[in-house]
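Residue numbers (this note's numbering), protein chains in the order written: chain A, 146 to 198; chain B, 23 to 592.
Simulated from the structure, these hints should not be mistaken for lab results.
Predicted, not measured: the structure shown is a model, and the values here were computed from it.
Among the clues, some could well be false.
Stated by the list, open to error - Only some residues are given here: those of chain A computed to face chain B with a beta carbon under 7 angstroms:
(1) Ser150
(2) Leu159
(3) Val167
(4) Arg171
(5) Val175
(6) Phe178
Stated by the list, open to error - Going by beta-carbon spacing under 7 angstroms, a handful of chain B positions derived as facing chain A:
(7) Cys36
(8) Gln37
(9) Trp38
(10) Ala41
(11) Glu110
(12) Tyr139
(13) Leu147
(14) Lys148
(15) Val152
(16) Ile159
C-beta: ideal position from N, C-alpha, C; glycine also.
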Amino acid sequence: MDRRSLLLISALGLAISASAAVSFYRYVIVQNFEIFIEVAEPGAEGGAAENEL
Amino acid sequence: MNPLDYIARDALSCQWDQASFFLFSENVFSPLIYYSHLFPAVAGLLLTLIIWSQKKRSLINNVFALLALLFSIWSLMDLMLWATERPEIIMFVWSSLIYFEVLIYACALYLSYLFFYERDAPFRLKAIVVALMLPAILLAPSSLNLVGFDYTNCDREAIEGPLWHYYTYGVELLFAGWIMILAVMRRREVADVHRKNQIIVFGTGVLLFLGTFSWGNIVGSLSEDWALAQYGLFGMPLFLTFVVFLMVRYQAFNVKLIGAQALVLGLWILLLSLLFLQSIDSARPVIVISLALFAVFGIQLVRGVEREITQRVHIEELATNLAAANARLRELDRQKTEFVSIASHQLRSPLTAMTGYSSLMLEGAFGELTSELREPAMRIFESGKTMAVAIDDFLNVTRIEQGKMVYTYEDFILHTLIKQAIAEMQLIAERKNIALVYESKMAGMPIHADKGKVKQIITNLIDNAIKYTKEGSVKIAIGLSADGMASVTISDTGIGLSHEDTIKLFQKFSRADNANEISVKGTGLGLFIALEMARAQGGDITVSSPGRGKGTTFVFTIPVQGSPKSGGVV
Numbered sequence: 146m147d148r149r150s151l152l153l154i155s156a157l158g159l160a161i162s163a164s165a166a167v168s169f170y171r172y173v174i175v176q177n178f179e180i181f182i183e184v185a186e187p188g189a190e191g192g193a194a195e196n197e198l
Numbered sequence: 023m024n025p026l027d028y029i030a031r032d033a034l035s036c037q038w039d040q041a042s043f044f045l046f047s048e049n050v051f052s053p054l055i056y057y058s059h060l061f062p063a064v065a066g067l068l069l070t071l072i073i074w075s076q077k078k079r080s081l082i083n084n085v086f087a088l089l090a091l092l093f094s095i096w097s098l099m100d101l102m103l104w105a106t107e108r109p110e111i112i113m114f115v116w117s118s119l120i121y122f123e124v125l126i127y128a129c130a131l132y133l134s135y136l137f138f139y140e141r142d143a144p145f146r147l148k149a150i151v152v153a154l155m156l157p158a159i160l161l162a163p164s165s166l167n168l169v170g171f172d173y174t175n176c177d178r179e180a181i182e183g184p185l186w187h188y189y190t191y192g193v194e195l196l197f198a199g200w201i202m203i204l205a206v207m208r209r210r211e212v213a214d215v216h217r218k219n220q221i222i223v224f225g226t227g228v229l230l231f232l233g234t235f236s237w238g239n240i241v242g243s244l245s246e247d248w249a250l251a252q253y254g255l256f257g258m259p260l261f262l263t264f265v266v267f268l269m270v271r272y273q274a275f276n277v278k279l280i281g282a283q284a285l286v287l288g289l290w291i292l293l294l295s296l297l298f299l300q301s302i303d304s305a306r307p308v309i310v311i312s313l314a315l316f317a318v319f320g321i322q323l324v325r326g327v328e329r330e331i332t333q334r335v336h337i338e339e340l341a342t343n344l345a346a347a348n349a350r351l352r353e354l355d356r357q358k359t360e361f362v363s364i365a366s367h368q369l370r371s372p373l374t375a376m377t378g379y380s381s382l383m384l385e386g387a388f389g390e391l392t393s394e395l396r397e398p399a400m401r402i403f404e405s406g407k408t409m410a411v412a413i414d415d416f417l418n419v420t421r422i423e424q425g426k427m428v429y430t431y432e433d434f435i436l437h438t439l440i441k442q443a444i445a446e447m448q449l450i451a452e453r454k455n456i457a458l459v460y461e462s463k464m465a466g467m468p469i470h471a472d473k474g475k476v477k478q479i480i481t482n483l484i485d486n487a488i489k490y491t492k493e494g495s496v497k498i499a500i501g502l503s504a505d506g507m508a509s510v511t512i513s514d515t516g517i518g519l520s521h522e523d524t525i526k527l528f529q530k531f532s533r534a535d536n537a538n539e540i541s542v543k544g545t546g547l548g549l550f551i552a553l554e555m556a557r558a559q560g561g562d563i564t565v566s567s568p569g570r571g572k573g574t575t576f577v578f579t580i581p582v583q584g585s586p587k588s589g590g591v592v
């Protein structure tokens with residue numbers, strides 16, 4: 146494989162690592178994501194209202 | 023309250039089980055999920071290890087191993103999503119799946135290019151693929167990838183955003199289409215049917231793999247029924263089946279050993295995994311015995327293939343060495359021929375002076391020679407003539423071997439030519455008291471050939487007949503052969519030939535075993551040259567003898583030009 150291709154693949158690897166690091170920080174460290182919870186009506190099957198915590 | 027704390031408290035009411043190693047929990051409601059994920063994951067990992075443990079690895083093998091590794095990691099991560107109860111882990115793993123998905127498709131495209139074209143892909147193609155992947159990779163941590171975590175009715179799912187639904191799946195389908203176009207184009211380009219079949223099998227295998235994988239993911243994602251997605255994982259074993267078929271049927275990848283190892287391990291894992299199915303309790307002893315037997319036979323199979331490959335490599339090395347030795351021998355032979363040619367030319371000039379001056383001395387050009395001087399002068403002259411004939415033979419052989427013998431064709435009467443040759447040989451025959459008898463029934467037969475070469479052939483045959491005849495006669499007859507060619511038959515009453523002698527007589531430096539009986543000097547090249555010259559002009563020379571001491575008959579044939587005319591006896 147030529148030098149340019151190796152550089153391209155290295156850059157791709159770097160981008161994936163950086164992106165994965167940001168994801169890990171966001172989702173695992175600071176846990177910054179939205180949670181959708183549907184509150185089921187008593188006695189009803191399935192939920193009606195949707196709340197966002 | 024922190025939403026995650028709320029979920030943690032509420033999780034008890036959802037009856038979520040805590041996962042060990044993020045992989046094993048009661049949350050995975052069906053053993054089929056473990057089966058569909060662990061089997062391809064372990065098979066892929068083992069395949070990667072097998073390929074990367076080989077001493078000789080080509081680029082295509084490396085890419086193939088990388089594809090198997092990426093798929094294995096994807097399978098394990100997907101299994102984590104089924105097993106774990108922790109939302110932050112689910113969100114992180116789910117968001118990271120996007121890297122592996124686009125990489126799997128890109129690897130499949132690269133692998134297909136390498137297989138179809140048998141060379142590395144151009145940089146431009148790689149740059150386009152990476153550029154198409156980049157948005158999915160860079161936006162992976164954003165809310166375009168995952169909108170949020172769905173806790174509705176105790177669900178444990180991420181809600182996928184437009185990056186997944188529109189861009190990533192779009193790019194994946196584009197890559198799959200690209201592979202299909204490459205396969206169709208390449209199949210049209212190649213002429214070899216064997217290669218066309220390889221392309222069809224590989225293209226079908228990789229597209230079925232990606233198709234099954236995409237179908238599982240896309241249908242699962244859009245319908246949000248993730249139970250469907252697990253069937254997509256069976257694409258990898260399907261692809262492996264095609265690859266193994268390619269290895270066995272078409273010797274593709276040049277990794278028969280890897281194929282055998284992967285097949286054995288894959289089947290072994292398949293058998294092993296059956297042990298974990300709860301519904302087949304009664305069959306467990308049979309499976310255990312099968313596993314043990316298969317382990318033994320599998321090892322034998324792999325060793326057998328390894329031995330066969332080692333032998334094949336050894337034979338290939340020997341063939342390569344032999345080819346090199348042959349090339350070297352050809353070069354040496356060429357150098358030898360060139361040397362003989364140069365040496366012969368260098369010897370010829372002084373020899374011409376020796377024979378010329380000795381001839382002049384014998385003719386009295388430098389005064390009358392005394393009887394004491396005449397004898398040495400005669401010896402110089404005759405030895406010089408013998409040597410000149412030998413040098414001419416060497417030069418003729420060189421010309422024949424180099425394909426440089428020139429033939430100048432002309433029309434002439436064969437009868438006249440034979441008479442000239444007989445006249446020249448008459449004196450030598452008389453010295454040995456051998457009668458030269460010529461009989462021609464086709465006196466006016468016209469021939470279109472190289473007159474000088476034909477005369478040389480006939481002279482050589484008559485000369486041989488005289489040399490190898492102690493007493494008796496040499497008969498020369500001209501006629502027509504059965505196939506309509508002019509034939510010159512030279513038969514003698516000489517020492518004759520055994521059957522073995524007649525077979526090797528026309529080879530270079532070959533002489534009859536009984537030639538020494540009558541002390542005849544010669545290079546052993548005359549008949550070789552005569553036969554080559556005859557064949558070059560469309561003719562032939564054959565020899566026959568009733569046996570040793572019973573004489574020999576040579577028949578020289580040459581194509582006739584025009585209609586033959588009958589003649590008389592000379």
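Hints versus structure:
1. Ser150: 6 angstroms, holds
2. Leu159: At 10 angstroms from the nearest chain B Cβ, Leu159 (chain A) fails the 7 angstroms test, so the hint is violated.
3. Val167: 4 angstroms, holds
4. Arg171: 5 angstroms, holds
5. Val175: Cβ of Val175 (chain A) sits 9 angstroms from chain B, so the hint is violated.
6. Phe178: 5 angstroms, holds
7. Cys36: Violated, because the Cβ-Cβ distance from Cys36 (chain B) to chain A comes to roughly 11 angstroms (cut-off 7 angstroms).
8. Gln37: Status violated, d = 16 angstroms.
9. Trp38: 15 angstroms, violated
10. Ala41: 15 angstroms, violated
11. Glu110: 5 angstroms, holds
12. Tyr139: 15 angstroms, violated
13. Leu147: Status violated, d = 10 angstroms.
14. Lys148: 6 angstroms, holds
15. Val152: This hint holds: Val152 (chain B) lies near chain A, its Cβ roughly 5 angstroms from the closest one there, short of 7 angstroms.
16. Ile159: 5 angstroms, holds
Violated hints, listed in ascending order, are 2, 5, 7, 8, 9, 10, 12 and 13; each of the other numbered hints is respected by the structure.
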